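So the sequence lines, in the order shown, correspond to chains A and B.
Heads up: the first sequence is residues 1 to 320, going by this note's numbering.
Heads up: the second sequence is residues 1 to 467, going by this note's numbering.
Certain hints may be false.
Derived pair list, reagent style EDC-like, types lysine to aspartate or glutamate, alpha-carbon separation capped at 16 Å [unchecked claim]:
#, chain 1, residue 1, chain 2, residue 2
1, B, 80, B, 96
2, B, 277, A, 177
3, A, 72, B, 134
Every beta carbon over 12 Å from chain A, so not counted as near; a handful from chain B, in silico [unchecked claim]:
#, residue
4, 189
5, 436
6, 449
Not close to chain A: a few residues of chain B, all C-beta gaps over 12 Å, as computed [to be verified]:
#, residue
7, 60
8, 83
9, 85
10, 97
11, 106
12, 164
13, 279
14, 324
15, 329
16, 363
17, 364
18, 397
19, 405
20, 426
21, 451
Calculated directly from the structure, the hints in this document are not laboratory data.
A quick note: this is a predicted structure, and the numbers were derived from the prediction, not measured.
We put the beta carbon where it would ideally sit given N, CA and C, even for glycine.
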Amino acid sequence: MSVRAGGGTADSPGMVSDARRGRRTGKPGNHPWRNLLFALPALIAVALFFYASIAFIVNASLADWNFIGAPKPVGLGNFQRLLVDPIFGKAVIHSILYGGVVLFAQAAIGLGLAILVSGRVKFGAFYKTLFFIPVIIAPGILAYVFRRLFDPGGEMSQFMHGIGLGQLWQPWLAYPETALWAIIAMGIYSGMGGAFLIYSAALTQIDREILEAAAIDGASGRQSIRYVVMPLLKGTHAIFAIFGLGAAIGVFDIIYLSTEGGPARATETISTYLFKKSIVEFKGGYASAISLVVLVVGLLLTFAILAFLRERPSRKPKEA
Amino acid sequence: MTERSTSVKRLAALSAALAIALGACGTAAPPSAPPAASSSQAAATASAAAVESVSPTVDPATVTGDITVSLWDYGNPDSKTWLADFNKVYPNVHVELKNVDLNAYRQALQLQLTSGQTSDIVQLYESDTPQYKDVLEDLEPYAVKTWGADWKSKFAPGALDQQIIDGKVVGMPQYLAGPGSLFYSQEVFDKLGLKPPTTYAELKDVATKLKAAGLQALALGVKDGWIDTYVYRIIALQADAKAQAEAAQCKRPWTDPALVKAMQVWSDLFTDGILSKDQLAQAQYPDAVDALTTQKAGTLFNGTWHNQTLTNAGYKVYIDGRTLPDPSHQYVLRSTNFPAVIDGAKPVYALGTHGWGINPQSTNKDAAWAFIAWYVSEPGQKWIADSTYIPVWAGMAPSYTDVITPDQVNDIKTQTDYIQTGGGYVGPTLILTGEQTNALTDALQGVATGAQTPDAAMAAVQAASGC
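With the rest of the complex left out, here is chain A (with noise of 0.2 Å):
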């Protein structure tokens, strides 16, 4: 498949030699101005509603700035103090902690829910409804949920102790050493339903006759699910992964209701930082340092993502 100049291709022309051809035989719709003009509504929106607001955000970072007053112009202070901030320091590693693990569970058990279910399944319907419910429980439910599942007189207290496991329980959320693991559990229950569904949808459009073909091949079920679905979900897996990071960047509401990111800091992410540096210290100039960082960063780490992700030349069999 040569690429020609131009931007098409020998064996399939391309939008721009389509364009062209438009001009010359009139047709309408076809004129890249004309194409344009037709964008320019969202191109506008974008430009003010996104690339405006960095532009802005770029600009109170560089102030000591509350937001109401005059901004004082600070240079690069914002984020030299940054890089000392113990408090942001550990809100780092919590987010990515949080983003990790609650993005590997979820995929793991969206996936995995997702092949239990593919197919016929007696009751498929009904499974997939309980599965999905997580997903739209309201963050400030589910945070009332489990604060009162993780009460010391709370259900799981109580559970616990009925079955005689009393002495393994603990006020998780109370405690430093536990309460990130357990807000990374609300996480991984709020979100799997997503993953599952993601993963469903994914898993409904991979030809049956592929995986016909493997079982005839003499691959196991294992096998097929290694070798030939998880190889075709490599998209899907890239899609969850994007989007699941800035979920997991973003999170706010559970924490925020659960344990506003104590005790004593111990589960403060990167957004209940920002928010009490904005909203509630009045630091806006600080805080669009913290939004700035974050948003490389989160760039970043989507292009890793994309990079890791993208389709390579598989390996050759080795031959017998």
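Based on these hints, arrange chain B on the given structure of chain A.
Coordinates of chain B only, in the frame set by chain A:
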């Protein structure tokens, strides 16, 4: 309510409190309803009637037109009631209330005030007022015109502390409330033969007996920094009335012996079993408050705003949906001073208030001022008094008409007298920066978990204080 709080939960707590308070206002008690026909109640009723006959502070004939008021979510349904009262006096002023969730409100107000695109009147969250100093109308000329040059003397002690920033009158106070109360269950205390503690030793003894009875000793939502810092504030005031206020202004280090001592007492509350490390998972609202309401705890630390649970209307709200040991029984919640936990000290209260400010871009500032002047003076403060809050207008006292029992009337009256004239409020109102409040919260929770010593915790506060 004195610190520059950082906690959304405190806001929720106060929101709930005022919602109930205004609920009490809106739920007009039938003449036969109050069972406590005490002389103090009769006096209060007479006082309320007298207040209703007071002339409005700004001549209604001079103001007309539309004004908008931005406020956060609590009290919206009931605000219609007092708004109707306002409109009886000012029929030519149309007020539109713009109620939003408090968190969203605080975020939006930052941007709205920067651009000037906001309502004529804005509600000011107590600790945020200093931030709005440069973007709100100076209310001093209005106050002088309405009440005369000595207008400040018309307000209760402490009422204006958080509204006057660097000499500028940024806002006018709404109501006074603050921490320093100990609530307890009459039934539990009677059953165990306990008396309200007045010293640390007595508090420890009561806690031991409560725990032996299988109850939580002192309900407190240690998860919430706002209530932790309130407890610390009360202990620090007992240790040295000026220490924390001076530390907040960098006039004294946070490692001052009095402040370290206060932190040591906070630590002792945990090591002596009065508080438990497990309470780090509990929120003040609803967890700690529910623990007392449902008789699972014997006592509760809270603010004067919680006196609403001593009213018929407030009690109904707080028990709604809760499982009580005997659902048919009306439990009696009592209120007293939090004990003097520092040897030789006396009980203290810390007061504070939210405020009303005027947008300098308003096109109807006279009507906006008429509204504020009505609200903060006798006619408007009647609603505050009815909610058991302490009015900001000097000489007014909470109303006791809906308080359930004579003992409870006495509880609130004793507290209020102690705060207003008995030296219970020592002032000045403390204003911490957000960074100081968060650093103090970290320190308090660090000590509660056992991860930090009181000395190390206060050194960390000093390091983060910006001083």
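Exercise. With 12 Å as the threshold, tell me whether residue 364(B) passes as away from chain A on beta-carbon distances.
Key: It holds; residue 364(B) is separated from chain A by about 23 Å at its closest Cβ, greater than 12 Å.
Quiz item: For residue 451(B), is the shortest beta carbon distance to chain A beyond 12 Å?
Solution: violated (6 Å)
Practice problem: Given the hint that residue 72(A) pairs with residue 134(B), test it: the Cα-Cα distance must not exceed 16 Å. | Solution: This hinted pair holds, its Cα atoms lying about 15 Å apart.
Practice problem: Against chain A, does residue 363(B) hold up as non-interface, every C-beta pair farther apart than 12 Å? | Solution: Nearest chain A Cβ is 22 Å from residue 363(B), so the label holds.
Quiz item: Would residue 436(B) pass as off the interface with chain A, using Cβ distances and a cut of 12 Å?
Solution: Given that some Cβ of chain A is not farther than 12 Å from that of residue 436(B), nearest at about 9 Å, it is violated.
Quiz item: Are residue 277(B) and residue 177(A) close enough, with their CA atoms no more than 16 Å apart?
Solution: Holds: residue 277(B) and residue 177(A) sit about 13 Å apart, inside 16 Å.
Quiz item: Would the least Cβ to Cβ distance between residue 426(B) and chain A come out above 12 Å?
Solution: Fine: 27 Å to the nearest Cβ keeps residue 426(B) off the interface.
Exercise. Decide if the proposed pair is consistent with the structure: residue 80(B) and residue 96(B), CA atoms, cutoff 16 Å inclusive.
Key: holds (10 Å)
Exercise. Report holds if the minimum CB distance from residue 405(B) to chain A is greater than 12 Å, and violated otherwise.
Key: Residue 405(B) is indeed farther than 12 Å from all Cβ atoms of chain A, at 29 Å.
Self-check item: Least C-beta distance between residue 397(B) and chain A, which was stated to exceed 12 Å
Solution: Holds, because the least Cβ-Cβ distance between residue 397(B) and chain A comes to about 34 Å, which exceeds 12 Å.
Quiz item: Does residue 164(B) sit more than 12 Å from chain A, CB to CB?
Solution: holds (18 Å)
Exercise. Could you let me know if the closest chain A CB is still more than 12 Å away from the CB of residue 329(B)?
Key: holds (21 Å)
Checked against the numbered hints listed earlier, the structure breaks hints 5, 6, 11, 13, 21; every other hint is satisfied.
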